[in-house]
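J.: Residue strings, one per chain:
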Amino acid sequence: MHIEVRDLVKTFGDVAAVNKASFQIQNGHLVGLLGPSGGGKTSILRMLAGLEQPTAGEIYFDGKLVNPIPVQDRGIGFVFQHYALFKHMTVFENVAYGLKVKKQKRQAINERVYELLQLIGLEGTENKYPHQLSGGQRQRVAFARALAPKPRLLLLDEPFAAIDAKVRKELRLWLRNLINQFGTTTIFVTHDQDEAMEVADDLIIVQKGRVEQQGAPWDIYNHPASAFVASFIGESNKLKAPVALQGFPELSAYRAGGEWQEGTQVFIRPEAIELRATHHPQTAEAGEPGKITHVHFRGDAWYVEVELAGGMTLFTYQPLHQEALQAGDSVSVFIQQLFVFAPSDIRILENRSRKGQRRLYVYPTTEKRSGSK
Amino acid sequence: MRSLFILLTVLLFVLILVLPFLGILAGAGAEGFAAIYEALMRPESLHALQVSFIIVLIVTLCNGVLGILFSLQMVRGPWLAGWLRPLLNAIVDLPFAVSPVIGGLMIILLFGPNTLLGAFFENVGFKIVFALPGMVMATIFVTFPLMIRELVPVLTELGQTAEEASATLGAGPIRTFFRVTWPSIRWAVYYGLALTAARAIGEFGAVLVVSGNIVKQTQTATTLVYQDSIDQNLVAANSVALLLGLISIVILLFLEWMKKRKEDQLHAH
Amino acid sequence: MLADRTAEGSLHLAHMPVVSGCQESFLFCRPPLNYVWRDRKLKVMPTVTPYQIAVRSLLIGYLLVLVVMPIAAVYAEGFSLGWTPFWEALTAVIAWKAILLTVKLSVVTTVIQAVIGTMSAFVLVRCRFWGRRLFNSLVDLPFALPTAVSGLMLLTLLGPQSLLGSWLQAFGISLLFNQTAIVIGMVFITFPFVIRTVQPLIEQFDLAEEQASYTLGASKVYTFCKVLLPAVVPGIIAGGLLTFSRALAEFGALSLISGNLPGKTQVASVFIYGEIENFNTQGAAAVSIVLLTLSFLVLWAVQALQKRRGIVT
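Chains as they are written, first to last, in our numbering: chain L, 1 to 373; chain R, 374 to 642; chain B, 643 to 955.
There are no misleading hints in this set.
Straight-line distance between alpha carbons at most 25 angstroms, and here's what the computed DSS-like set of lysine-lysine pairs gives:
no., chain 1, residue 1, chain 2, residue 2
1, L, K64, L, K150
2, L, K103, L, K87
3, L, K208, L, K238
4, L, K100, L, K128
5, B, K868, B, K949
6, R, K633, L, K128
7, R, K632, L, K87
8, R, K633, L, K87
9, L, K20, L, K64
Some residues of chain R that are not near chain B, with every Cβ distance over 12 angstroms (derived):
no., residue
10, L413
11, H420
12, W560
13, K589
Worth flagging that the hints you see were computed from the coordinates, not collected in a lab.
Positions of the beta carbon are idealized from the N, C-alpha and C atoms, including for glycine.
From just these sequences and the hints, can you work out the full model?
T.: Okay, here's the thing in structure tokens:
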């Protein structure tokens, strides 16, 4: 189902939970609404479901305005954060509920329920009650219950929030495959970016009730549209004070005295920082001199903190196969790329001193990025 | 030290709670079982029990239905935002603080034969004070908060997501109430009903004032006990009291049994 | 409402239900909505359905007729003849003696309850002994019993015909128709309050706190006084206030065992009843106002206390 949201507003008292949010979702896409807690994601989801009425703004399903249509008639499936399974009903009754509401034949209900139970791998539990199931199993039942009446839009509110970290990872992949199998348009809310990146085709970043950016995870990571997105998605070094960095002559334009210009923020991704011990002659040319202040082992990489000559501290990760650095080592710090967010413009600056030599990222085929703006 | 405290407590309970009840048993049985039977089978006691029964029935029904409706509104009504909700909450509790006698006085002051409202109702042939309607009103006044106080915390703790889930699956409000909400609040409602019934049977002060305690007309079981004890007809008084006491104990045991069910239901996750 | 405005926008609303707020119910008590075009935007206008109006007026009306109006009527009647008769009704010797006696004995009852109620609550929660569950259920008996029955029970038990009564009489002790009898009646009637407010607090009390006190070298008595007791004091106060309020209001039991000697053993509620029987509603209302106001203050204090400390009764 194609979904369009226009200037959606929701106020609770004086507080605007959602403030003019607009976006579109293509049919069959699996979209993550990602943002910090209290950013209005859940309000948007609930308004799409019809559980909450917008204060202003319109919602269209396949071009049809659905604002006046009650929840019951919107044809959606909703999975609640804490599952909201009916405690006094068995697994079977829970899954069959939506079908019974539709007054389907008993035979058809049985078939559909068993089909779904098989799909979620919970055959044999149909006569159990929710309190007899584990968290992951309950989540699956909630999922089957929402899917049973064949909704055209599936809405998931923090679907994995209440599940153990270990099971969560497993469930994510399972959910992704299941949704792909059904091809149902799906929107899920999460504040966990790993989860969002892993599951979603498309991300909508929501903050303070506004849509900050929409696009494929790849695009959002590499082309953040705002300082908020740059700092929220992935890790970043934020340059607090302006420093002159070799290879980035453009930076001087954003400086005003000893400060950045009003409203300007500069970020460096850790993977855009290359560290080389100074005794390597070939890399010494274009780097900033720095000193390692802290190193610790993270399992898949070394976490390294380095202090530049100007007193600024940056962090990065050093692959395990590269030579191990130690605190106190002098290094050459080579910065490949940085993000500048200024009121006037948003730029991604590449290091000029090694221009054309090597690009940090190899972009995937355009097909996969079709969801971006 | 510890056993001393236990002993003290047990002694206290026996003295304050058990002994009086044994007293009433002894008092009723002083002239044998036949006397108890005879006292209960007097036309005035049969009539009084019947009046009590009617009042309990009406009051429990009224408070049951309206209590559920009001509790839902008080917990979820969006129109009660701001100052209105705490105010209504406080008003619901007021009857707890009112002496039953004063509760009766209120009904007389409002609907007595000398008042505007009372005169109006009397003109249309509807007698309130010294008649059943007044007694029902007085009992409702006294028992009104019980159901709501029982349901409001349950509804608050329950939350709304199960009902929302039902709505997203296409169910209308009536189906949602009976299939989803009702099974979750059922025991709390039964508990509230039992409390209300217990209080309604036992209501004395307010009913005494409003009813005028007219034998074989507006006399209830409790006011009959009072009348008999004032008339020094102790065996008769104790017999009716014994019956009422037994009913109370049965309800109490029933409540105790239900309390567990109610908690199990709420916390079954 | 919607269809005639379609020209303004690019919407096709013909197939849409014009009914507004059909999803609203007594379950989802959100206000139903109307959709209105304004400034070329679809705006939502909250409206109220007849069902909602009915429920709301029923709720407010019920509370008005059953609670607010009756209480207001008492205050109105008390002051119906002006301030002076109100004051005269109160200062009549019998009236103020009844009020004074009630307040005095209620305070005594509250103090007794605070002590025995707290002790009983501790024993019931912390000690395991035969019949504990039975005793725990018995606590509520005074609530379940009709007050007239409670009065009769005490009357029978303490009366000269009973074993106990005659035995006491032999020692020259009378526990009927005097102030002691009133206190006994009040204690019986209010027995559950303190126990039931203190019990959950002891149950919730974290044993680790007590154990922490022991590891710091404190004795049992010291720990009890400095760690456990402060945690249950709010419960004792709340329970005590409820006890006080109930003792003030008690009528059924006391009317049978107090003896009703005006100025000596007549409590306020019985005095009010007498005034009503004598058709002196203004006098009855005047005393009622004092009792009511006291009770409301107590109730308000309990609620404020519970809100602050989060005690559940």
